[in-house]
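Engineer: Residue strings, one per chain:
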Amino acid sequence: MNAAILEEHLLQSKNNILTKLHHRTLLQYTGQPIIFDGQLRYILLPKLNGEHWPKKIEQAVNAVAMVYAALNGHEQINEQDAATKRQQLTVLAGDYYSGMYYATLAKIPDIELVRSLSEAVAKSSESRTALYEPMKRSMDEWYKILEVIESTITCQFLKRFNLDSYIEIVKNGLVLERLKRELQSLQEKHMKTPFLKILEQQQEYAGMNNEQILRRLISNLSSRLIRIITASPILQDEVKTFMLQHVEVNVEAQITMKGVE
Amino acid sequence: MEKMKLKLLYADLQSDIRVIEKELETALDSSSHYLKDASLHLLKAGGKRIRPVFVLLGAKFGQYNIDDMKNVAVPLELIHMASLVHDDVIDDAELRRGRPTVKSQWNNRVAMYAGDFIFARALEYMTNIQNEKAHQILSKTMVEIVQGEIIQIEDKMHLNQSIRDYFRRIKRKTALLISSSCQLGAVAAGADDSVAHHLKKFGYYVGMSFQIIDDVLDLTATDKQLGKPAGSDLLQGNITLPVLLAKNDSAIRPYIEKALNGDMKEDERQVFLKKMRSSNAINDAYHISNLYLQKALKEIEELPANSVKKSLKDIALYMGKRKF
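Top to bottom, those sequences are chains X and V.
Each step along the first sequence adds one to the number in our numbering, with nothing skipped, and position 48 is 48.
Each step along the second sequence adds one to the number in our numbering, with nothing skipped, and position 52 is 52.
The reader is advised that the hints may include incorrect statements.
Claimed, not checked - So the derived list for chain V, only partly shown, Cβ under 7 Å to chain X, looks like this:
id: 1; residue: S32
id: 2; residue: Y113
id: 3; residue: T127
id: 4; residue: V308
In short, the hints are calculated from the structure, not lab data.
Built from N, CA and C at the ideal position, the CB exists for glycine as well.
Assemble the whole structure, with the sequences as input and the hints as a guide.
Structural biologist: Shown next, in the form of structure tokens:
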């Protein structure tokens with residue numbers, strides 16, 4: 001399969017999930033559910049790589065994407081003021097997508113996956129809250145927290161279907177996607193997220209601005225991910241090329257930014 | 001005081017309710033200090049624990065075992081708690097039951113995470129039950145409850161909505177979770193389908209009656225009893241049954257419009273409450289609540305002989321006649 005076909009697979013899956021989550025009022029006020037392409041690419045990596053993919057797993061993927069839509073939605077809530085109609089419905093959109101994920105798995109039924117995903121959501125919520133707690137942690141500890149936030153849900157799904165061999169790639173890939181979004185929001189909206197506020201307090205980044213810190217993290221992680229993907233014994237060559245293209249987009253973006261600077 | 005009265009009504013379940021309370025604490029334990037504090041804060045605020053009680057009473061019509069039933073009773077209460085935490089974000093509420101809300105103590109984002117955490121714990125607990133039907137009932141209920149809340153926001157400020165719109169809204173907002181609590185207890189305990197069906201209907205009617213009373217009390221109870229200003233529903237744009245019944249009263253309508261426009265002064269709020277309290281709307285709303293209550297009591301008659309029938313009846317009557 002070439003890159004165009006793989007992209008087509010991703011697009012089809014995304015459209016399928018968005019159709020299942022369609023809600024007229026929510027669409028009108030909050031827009032489409034937020035499922036980042038990067039997130040979906042890693043959730044679907046085993047499928048793109050040709051793993052046996054029965055209907056049950058396809059339905060489970062929908063549920064996993066719904067969980068991401070719920071949590072991504074709740075990340076849009078303003079810390080201090082959520083009184084607008086749009087914000088109120090964003091709260092409910094997340095709750096609705098959560099309900100839909102449970103309903104999807106109850107219908108299959110896959111109660112074991114409900115358990116795994118709810119454990120993951122609990123852990124992810126604890127880690128998201130940690131970003132607001134005034135606790136000193138090392139950069140390694142913060143990195144682990146970010147890893148839990150971004151990848152625990154997908155990792156639980158992979159474990160459920162004995163696809164553990166993808167976990168290392170997925171963990172690193174999903175954190176990279178998050179860092180990329182952090183950088184984007186910093187550049188476009190000049191927004192300092194709780195994670196960025198933590199980064200700038202780390203001694204090892206003293207004298208660096210937020211953008212420089214993020215660039216360094218992205219650059220290091222991209223290099224690591226490129227090594228992991230290239231050396232992977234499970235990925236097919238065309239899937240490696242496809243995934244590397246996306247990692248390298250990140251690296252190139254860094255180079256471009258350095259050029260601007 | 002009122003909570004004390006209610007507890008007396010399910011005195012037979014006291015030891016099992018204690019198990020539930022302990023399990024709630026265990027379920028909400030967290031490695032996050034904020035989430036742990038927020039959860040304990042919610043637990044301490046108490047609550048009537050109506051949903052777990054209905055689960056347990058429903059289960060008495062089947063093979064009752066508290067070690068199994070806690071796996072249904074605890075999630076039902078947790079789901080209710082999670083929805084309150086998120087509702088406080090939506091309503092921008094500083095206080096609930098006279099205590100600071102999670103969002104006011106920390107911030108909206110932490111409240112979102114707290115709600116998500118509690119909701120996740122609820123599902124985790126529920127997965128101790130392998131009954132597929134129970135999961136299908138609960139998941140469908142959860143989706144419908146949110147749909148009800150979405151409709152509530154859509155209907156906000158719309159004074160031209162019908163009483164049917166109001167019923168549709170409170171069904172999803174409140175009645176469904178109580179209805180499902182009663183039904184799920186029976187289903188999880190392996191009671192007959194017809195028993196589960198009557199319990200479901202019983203819970204639905206009780207829930208409708210309960211919410212109407214809640215909406216009446218928002219206008220008739222004192223600020224102190226409510227732990228928030230009386231008339232808050234209208235001030236937030238939520239049109240409840242008493243307001244719908246009074247909206248054509250020329251002495252009251254201007255006040256309703258002022259409240260919805262967001263320019264009602266404190267003295268005007270007092271006049272509005274006085275006028276509402278002396279209007280027929282309150283009595284008419286009580287009457288409608290009572291009709292639902294009577295339907296609930298009829299459903300109890302359809303249930304097989306069981307000592308808990310009296311408890312169901314007493315709790316339904318309490319909920320339909322409570323003062324605040």
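Engineer: Each hint needs a verdict: does it hold in this structure or not?
Structural biologist: Hints versus structure:
Restraint check, S32 (chain V) versus chain X: the minimum CB separation of about 4 Å is within 7 Å; hint holds. Interface hint status for Y113 (chain V): upheld, as the beta-carbon distance to the closest one in chain X is roughly 5 Å, under 7 Å. Restraint check, T127 (chain V) versus chain X: the minimum CB separation of about 4 Å is within 7 Å; hint holds. At a threshold of 7 Å, the smallest CB-CB gap from V308 (chain V) to chain X is about 28 Å, leaving the interface hint violated.
Violation of the numbered hints given earlier is confined to hint 4; every other hint is satisfied by the structure.
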